[in-house]
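One line per chain: the protein sequences are H and Y, in this order.
So in the numbering used here, spot 149 of the first sequence is number 140, and the numbers just go up one at a time.
So in the numbering used here, spot 94 of the second sequence is number 85, and the numbers just go up one at a time.
Any copy will do: because identical chains look the same in the list, a pair fits if it lies in one copy or spans two.
Calculated pairs, DMTMM-like style, for lysine to aspartate or glutamate (alpha carbon to alpha carbon, straight line, at most 25 Å):
| # | residue 1 | residue 2 |
| --- | --- | --- |
| 1 | K153 | D95 |
| 2 | K211 | D60 |
| 3 | K155 | E106 |
| 4 | K229 | D60 |
| 5 | K229 | D58 |
| 6 | K155 | D54 |
| 7 | K102 | E193 |
| 8 | K211 | D54 |
No lab work stands behind these hints: they were computed from the structure.
Number of protein chains: 2
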Amino acid sequence: MPNSKIGRHYSQAFDTELQQAVDRLLQMAALTQQQLTDAIAAFVEADHARAEQVVASDHRVNDFEVDIDEHCLDILARRQPAASDLRLVLTVLKSINDIERIGDLAKRVAKTLLEQADTDRPNQAQLDEIDVMGHRVLHMLQRACVSFERMDATDALTVLRKDKEIDQDYDRIVAQSISAMSNDSSQVGPSMQLFVIARALERIGDHSRNICQHVIFLCKGRNVAHFSDAELQQIVDKQRS
Amino acid sequence: MPNSKIGRHYSQAFDTELQQAVDRLLQMAALTQQQLTDAIAAFVEADHARAEQVVASDHRVNDFEVDIDEHCLDILARRQPAASDLRLVLTVLKSINDIERIGDLAKRVAKTLLEQADTDRPNQAQLDEIDVMGHRVLHMLQRACVSFERMDATDALTVLRKDKEIDQDYDRIVAQSISAMSNDSSQVGPSMQLFVIARALERIGDHSRNICQHVIFLCKGRNVAHFSDAELQQIVDKQRS
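All chains, full assembly: derive it from the sequences and hints.
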């Protein structure tokens, strides 16, 4: 991966170590993207085998997390990085925490299908809603990872803003679920399923937004976790990096 | 705070900086404990003024997070800590992430009351359930913070195990909510409130467990995020630190 932020140290071994941290993170992220793809499809199509694959792959995400965490700790201890190298290592450490949670939440979606009673199955219109929201979340996660790979703060801010649309999907699905249950008590099972899945997807959107915030931190050197949209724009517009 | 893990450097300024990181974290944690105390009491007693206080104090938690994050980054950049000092700084960085989420979740509990319609109000028996679960979670959070303050891995493991009881509370409240809604559609409002609150409390239990895992990492030098109970016991029993 060619990147302006890596590959300019007198020690080539150090460059390689930083690059490995980023590469492993992107592999871990790709795995959770696959998990999310599979979890959404499994739920919508009631594909139990595919849901079981998602659950079974969870330990691989956990292994990535521990492995990358230890690799970063090792870089900090031996290389004592400064400035943008230090930010890169911390960005990787923070991001793997979010990616691990994304894997957990994809597993939650898959498990919801596996624990589903026949009477809990949502109808086709409800499944279509989940399909649309799921793909919006997946797209946001994919783009957040691309902004990480490119270490592009402008890109990261554009992606971060997509979280609002996901929150709107979530609010709509929750309102529909509550209305369906209130009108017909036989709808409690399917509506609770929708609620749980929509909540998991909404949280994946939040973690994707966090990844974008970490990218902005990496490029601009500021912790922007609680910045307003205007403040974010200002930081991203500033020349630096 | 007397602690065997801080206070043995040739540079007294470095000791002070590490101590400040820990002290600020404990202040931040104390604030979220107060938020959780207030949020539970506010919900159970329908005390809107107290709920509003919880929401209003959220920015203070966020300010702590950014402040401690920057302090730790500064220590890493200037002091280039190694071994247990490095672990301490990383433990603080990981823990403030969990504490910030705990503050968010306490706010969620408070907001649930503030957005409550009259018809959503749970009955006394249901409120008692939330009160019991809430105090169990609060107690776990308090003890997790004490294990951090003492940097005591044995203590941290004892507290971490309490998460199972919280998960049982959660499962019971969710089952009761679903049953209530299924039998009587007028119960959808109150049951959904219970569900949302129980979910937030259960997540606070998870974050308290994470803090305990970070304490074990600090004391034992191993990332134990995905360890079984037997593996945890083995690591904690090992002499080291």
